[in-house]
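Model the full assembly from the supplied sequences, consistent with the hints where possible.
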Amino acid sequence: EPEVTQTPSHQVTQMGQEVILRCVPISNHLYFYWYRQILGQKVEFLVSFYNNEISEKSEIFDDQFSVERPDGSNFTLKIRSTKLEDSAMYFCASSVDPGTQYFGPGTRLLVL
Amino acid sequence: EDQVTQSPEALRLQEGESSSLNCSYTVSGLRGLFWYRQDPGKGPEFLFTLYSAGEEKEKERLKATLTKKESFLHITAPKPEDSATYLCAVSVYGGSQGNLIFGKGTKLSVKP
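Just so you know, the sequences run in chain order A and B. The first sequence begins at 1 in our numbering and counts up by one. The second sequence begins at 113 in our numbering and counts up by one.
Keep in mind that the hints were calculated from the coordinates and are not lab data. A couple of the hints might just be wrong.
Listed next, the in silico DSS-like pairs over lysine-lysine satisfying Cα-Cα at most 25 Å (straight line) [stated by the list, open to error]:
1) B:LYS191 to B:LYS169
2) B:LYS181 to B:LYS223
3) B:LYS175 to B:LYS223
4) A:LYS78 to B:LYS154
5) B:LYS216 to B:LYS191
6) B:LYS154 to A:LYS42
7) A:LYS57 to B:LYS169
8) A:LYS42 to B:LYS180
9) A:LYS83 to B:LYS154
Residues from chain B that keep clear of chain A, each with C-beta distances beyond 12 Å, as calculated [claimed, not checked]:
10) SER130
11) SER131
12) SER132
13) THR138
14) THR179
15) THR188
16) ASP194
17) SER195
18) ASN211
19) GLY217
20) PRO224
Computed far set for chain A versus chain B, every beta-carbon distance over 10 Å [to be verified]:
21) PRO2
22) MET15
23) VAL19
24) SER27
25) ASN28
26) SER48
27) ASN52
28) SER58
29) GLU59
30) ASP62
31) ASP63
32) GLY72
33) ILE79
34) SER81
Since this is a predicted model, take the numbers as computed values, not measurements. Ideal Cβ positions, reconstructed from N, Cα and C, are used throughout, including at glycine.
This is the structure we're talking about:
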């Protein structure tokens, strides 16, 4: 059964460093998303991406964040200068249409 | 503001003791309501999508129902392996490409 994959599973970084989180969505999906979940809190939407451009972004997704689909399979989230409060689980999701989304296993980011 | 509220926050059941989880929503226009299961440290695992009031979906011991204001996830004769956090999410009409608004979840523990 096709699934969304994410790498790395864990990432530890120093405050101010850049990180890139990678995702491989399900192959025939057209809509891609990033969400985050701070420990003990609800899952929060960051950004949606369709037809090679950002469709919508939340207030959390400020100028420090960017997304890219560098080739036909990968979808990346870059945080330019990490802050302590960026520590969270980051989930990638994909869908065929603006309907059911399938989530990856997540990347746990810890900013020291 | 679009909002999703889940209750109870936590639920402890004995194996075989059936119960229901509630998800109430206040949204401008419901596109779809989604139930996910989340195990500790993992990504949300898709369970059900409901689109219109009166709709019901079933899978093994789980049954999801939808009204105009809320959804229920009924668990019949649960087993210890059903222990997880159950997340409810909605997508709404109005410019978005289906980004999900999540509730805080109900943490279910099933004791043998």
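TODO: Output the numbers, in ascending order, of every earlier hint that fails for this structure.
DONE: As far as the earlier hints go, 2, 7, 18, 19, 26 and 28 are violated by this structure, in ascending order.
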